[in-house]
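Student: Note that the protein sequences, when read in sequence, are chains V and B. Using my numbering, the first residue of the first sequence is number 1343, and each one after it goes up by one. Using my numbering, the first residue of the second sequence is number 170, and each one after it goes up by one.
Since the hints were made in silico from the structure, they are not lab data. Don't take every hint at face value.
[Unchecked claim] With beta-carbon atoms standing in for the labels, derived distance ranges: (1) V:D1406 to B:G460: 42 to 48 Å; (2) B:T456 to V:G1427: 53 to 59 Å; (3) V:E1422 to B:S377: 38 to 44 Å; (4) V:G1390 to B:D334: 32 to 38 Å; (5) B:A388 to V:R1417: 44 to 50 Å; (6) B:D221 to V:E1362: 54 to 60 Å; (7) B:G460 to V:P1353: 33 to 39 Å; (8) V:A1357 to B:P357: 36 to 42 Å; (9) V:H1370 to B:S226: 44 to 50 Å; (10) V:K1346 to B:N294: 55 to 61 Å; (11) B:E368 to V:H1370: 27 to 33 Å.
[Unchecked claim] One-sided and incomplete, this derived list gives chain V residues near chain B with beta-carbon spacing under 8 Å: (12) P1352; (13) I1355; (14) P1369; (15) H1370; (16) A1374; (17) V1404; (18) D1406.
For each residue, glycine too, the CB sits at the ideal point set by N, CA and C.
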Amino acid sequence: MTAKRIGPPPPGIRAVELGEDISLYNPHTQGAALLNSTASDVWRLVDGEHTLEEIVDLLVAVYDADPEVIRRDVRQTIDELLSAGFL
Amino acid sequence: MTPSSQTPFAELPPAGTAAATQTDAVDLHLLGQPFRVHGDTAVVGEVRRLLDVFVVSPAQPADPPVVTVRRLADGYAVTATGQPDAGGHAYNAVDATTLVLAILNAAALSGAGCLAVHAGVVARNGRAVAFPAESGQGKSTLTAACLRAGLDYVSDEALCLDWRDARVLPYPRPLELSGWSRAAVGLPAGPCDRLVTAEGLGAKPARSPLVLDHLVLLARHADADAATVTLEPVPRQQGAAALLVRSFNHWRDPERAFDLAHEVAARTRVWRLRLGDPGRAATLLSTLLPGAVS
């Protein structure tokens, strides 16, 4: 069985980068989300090309943090993006 | 703005005097919208004085929104076009004037053809600094202190950004200052206005064009009189967030508001000001703008 890839965002989602941070706007819900730098890194990887495990592995390689903590944070970020309609 | 029965700010005649039986009218242009205030001559005269920079000749559309001040036996009634009559509630002259300005302010911001953000704004030489904040965070006091420090007045109420190009549109309504605020900026003791014009603080309204250079997020010291005031850079995204969260009317065009907030944040410097003594804070903010006296 193939692991599910995350993303890409639905059409129309706007993403604006300010420094390391990304802000999102959903024209369908008229909602906005301001992502911190960590969540912004997750957003850059939810492009429909990576599975959850691949995203975690990529961030574990970059961040000096407990892989389980990163896994939990990535899962939570993706859940929040999904519930807000950004994915 | 809310009327208060404890505001000894003007020598207006009480209802029932001969002067109060006359009527007058003043035409105003607020944030691109026409208004007329009509009625009791003393209250209308005070409105004209306080809103002098917005007064226009009466060549406006035939039927602008009108705020009417009627004299009653025991005070003044204030009614506005499209709003239910409050049942002839009688205000004293000071509170009636304050209420008229509150009605005009709410209507102007509601219909403004700009992104209006709750903020204090000051300027020098065409460059502006804005501090978005909710009521009670000290923006009017800081604005007044900045005027005392020699900066020009843009608004103590709203940063108004043109929807197309983010130009800052001046909205120099009278500053609303509490007793503590008046003392903090060194206004003379004794009976004095709660509503104060820029001229009353020894300053002048800023002229267009105005470009926003700095967004300052206010953070309170535990000690309101603390001598130490600090200014530190913060990520620009926090500036965009403040513009959106403090906006009065982003709902009119949410997507454009989102874009505009980020465009502005991308080209301004964003700071956090730990606010203690307002005079010291104003001196610090003054150094951000060109033409500062060292």
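Student: If a hint holds in the structure, say so; if it does not, say that too.
Tutor: Now for the hints, and whether the structure bears them out:
Distance hint for D1406 (chain V) and G460 (chain B): a CB-CB separation of about 46 Å, consistent with the stated range 42 to 48 Å. Checking the proposed 53 to 59 Å range against T456 (chain B) and G1427 (chain V) shows it is violated: the Cβ atoms sit about 44 Å from each other. At about 42 Å, the beta-carbon gap between E1422 (chain V) and S377 (chain B) stays in the expected band of 38 to 44 Å. Separated by about 36 Å at the C-beta atoms, G1390 (chain V) and D334 (chain B) satisfy the suggested range of 32 to 38 Å.
At roughly 33 Å, the beta-carbon separation of A388 (chain B) and R1417 (chain V) lies outside the given 44 to 50 Å, and the hint is violated. Taking 54 to 60 Å as the suggested C-beta distance range, the pair D221 (chain B) and E1362 (chain V) does not conform, at roughly 47 Å. Hint check: G460 (chain B) to P1353 (chain V), Cβ distance near 48 Å, so the stated range 33 to 39 Å is violated. A hinted range of 36 to 42 Å for the beta carbons of A1357 (chain V) and P357 (chain B) is inconsistent with their spacing of about 53 Å.
Range check, H1370 (chain V) to S226 (chain B): about 47 Å between beta-carbon atoms, so the 44 to 50 Å window is met. Roughly 57 Å separates the CB atoms of K1346 (chain V) and N294 (chain B), a value that falls within the hinted 55 to 61 Å. Restraint check, E368 (chain B) to H1370 (chain V): a C-beta distance of roughly 49 Å breaks the suggested window 27 to 33 Å. The interface hint given for P1352 (chain V) is violated, since its Cβ lies 15 Å from the closest Cβ of chain B, which is over the 8 Å cut-off.
With a least beta-carbon distance of about 11 Å to chain B, the hint placing I1355 (chain V) at the interface is violated under the 8 Å criterion. With 8 Å as the threshold, the beta carbon of P1369 (chain V) comes within range of chain B, its nearest partner Cβ sitting at about 6 Å, so the hint holds. At its closest, the beta carbon of H1370 (chain V) sits 11 Å from a beta carbon of chain B; the interface hint therefore is violated under the 8 Å criterion. Restraint check, A1374 (chain V) versus chain B: the minimum CB separation of about 6 Å is within 8 Å; hint holds.
With 8 Å as the threshold, the beta carbon of V1404 (chain V) stays out of range of chain B, its nearest partner Cβ sitting at about 19 Å, so the hint is violated. Hint on D1406 (chain V) is violated. Least Cβ distance to chain B is approximately 21 Å, over the 8 Å limit.
Checked against the numbered hints listed earlier, the structure breaks hints 2, 5, 6, 7, 8, 11, 12, 13, 15, 17, 18; every other hint is satisfied.
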